[in-house]
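Protein chains in written order, with this note's numbering: chain A, 30 to 351; chain B, 56 to 372.
In case anyone wonders, no lab produced these hints; they're calculated from the structure.
Check the hints yourself; a few may be wrong.
Reference listing, derived: stretches of chain A covered by chain B, where coverage requires no fewer than 3 residues with Cβ under 8 Å from a Cβ of chain B [stated by the list, open to error]:
| # | segment |
| --- | --- |
| 1 | 202-215 |
| 2 | 218-231 |
| 3 | 237-249 |
No residue lacks a Cβ here, since even glycine has one placed at the ideal position from N, Cα and C.
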Amino acid sequence: MELLRAVSLRKFFEVKKVLKGDSGFLKAVDGVDFSLAEDSVLALVGESGCGKSTVARLVLRLTEPTSGSVLFEGRDILGLDRRQLKAFRKSVQIVFQDPFASLNPRRTVYDTISEPLVIHNLVPRPEMKDAAVEILGRVGLGPEVLNRYPHEFSGGQRQRICIARALAVSPRVIVADEPLSALDVSIQAQIINLLQDLKKESRISFLFISHDLRVVQYFSDAVGVMYLGKIVEHAGTDELFEKPFHPYTEVLLASAPRIYPVETKKVHAAPLKGEVPSPLHIPPGCPFHPRCPKRFEPCDRVVPLLSESHGRLVSCHLWNPY
Amino acid sequence: MSLLELRDLNIFFKSASGPVPVVSHLSFPIRESQIFGLAGESGCGKSITALSIMGLLPAGAFLEGEILFKGRDLTQLDGEAKRRLRGNEISMVFQEPMTSLNPVLTVGYQIAEVLTTHKGMTKKDAMDQAVELLRSVKIPSPEARIKDYPHQLSGGMRQRVMIAMAISCNPSLLIADEPTTALDVTIQAQILELIQRLREERRMSILFITHDLGVIAENAARVAIMYAGSLMELADTEELFRNPLHPYTRGLLESIPKEKGTPLKPISGTVPRPEDLPEGCRYAGRCRESDRDCGKTEPDLLEISPNHFVRCSLVRT
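Chain A extracted, bound-state conformation (with noise of 0.2 Å):
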């Protein structure tokens, strides 16, 4: 079943002249569609200013989108009134990529498990302390961490934190923004397992924004890859993984070091080209088109749409002759 629906959704910000600098719109995310299943893991990659972060504000109505819909279970987030707008928010919970940064450095540990439970009203106060325990238990933490703050913990232990505080009002969805990238491998670890226990246990789906391909490959069912604002491939992990359409796609999994170069022995792709245009300046036709090794005639001037190949979503004109 459907959880999470975004349709045509679009998030331009208004950029004034400084100075010598640009003035427009930069469009941060720029017709993204993609749809969240119950009990899955869904991806969205890509390279920095591609958009995926701001996603993750306009599921959570964190930021309000230009055009466009969020959908939960079919109803549109943007009209929800105050009290509906609570009760979305207990069941779609966010995870952000720096644990300093996003714990309250003045609240011990227990006042940040217990606020979700307070402001949702749903354990009555004698027995809040035994619910923070049995919460903090689940993401591997100990009753004696309650009355500590923030700062007395390691990277690995406050991302646990930030993993309970969302966890305590039981929601369905858990946005993870690069939930890993703060972190050390053995810690990297560590998380990872934990999730993939809450996500057996629990049936929480993930909408899992990461530029790490291997964790990617690893956590997922299935993959959005964004540049520019769009989605240019969307697909099943292991399909894409095994064979990406997009030229994109294709580069970006080759970019990626591999561990075991002896073993592979696949043949490293030329490393692209240029950069990421500025997304207040995006190209005309197929945004990727001045980096791609693959372009050819229509790319500089035709839009390609998202749209099926072979099973799978890709906006190229290589697989979808326009």
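Position chain B relative to chain A; hints supplied.
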């Protein structure tokens, strides 16, 4: 021949309760024209090792041991001699190009400054040379870019500027401290290609510091794995990844997601703080294989097979 050799390097931070060791008994050589990877997690001492080679230890830190560069012990040099060496023979590229460039000076000025300082060039010659350097790090239209300020460039371009500055005096050793960590993968691939090309063209040795084992596997010839200030394993790259011997190295590799569905085997616990390092092996508290003896004495770094060194009492020849 080795260009740089660390011999029993120990680095300490002064504290109210006495010196705190952050790097202990570190020894390894770097050969000419070699990319030497120094890998480990945050706080393992890799960056402070780089700073000690540059002679840039922060106030409150001091070292023991030898740092031999072309046969000379750098720890014995006075301030002036160190200053001449830095930028000239040994130079460094940092992780964050935005914080290491001066925001109020043009990039051309900043590159030229290195040349006027170290090579005694005139301003005009130095500017011309800066254009050539930007061209050699593949910055498009370098004549226009030298007039740009750092904020006008992208992250990848800024890192190219940093590299141009670092290679301006043709150093024989380049220390690159997480040079691609702040960059996107497609840009990382470009910068790594550039570093490889510079090594070949200029026969530079590169001390490449990173936490990313993938970057090491694809680029370094030899790898040192550090943990809590101590060198745990040292081997040629192919050997290390094919036949990792130290339980910590294996723990790191098993923490990286590979096949879907197979649960990861993370390393439990966290790195001990330098002020309360355990007795015996530093890794024993987190090690899956440790036995009672591991907590008694710290094992030595032993050559287990030719050119493959391991610091673990459970690994024998």
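Do the hints match the structure? See the list:
no. : hint    : verdict
1   : 202-215 : holds (count 3)
2   : 218-231 : holds (count 5)
3   : 237-249 : holds (count 7)
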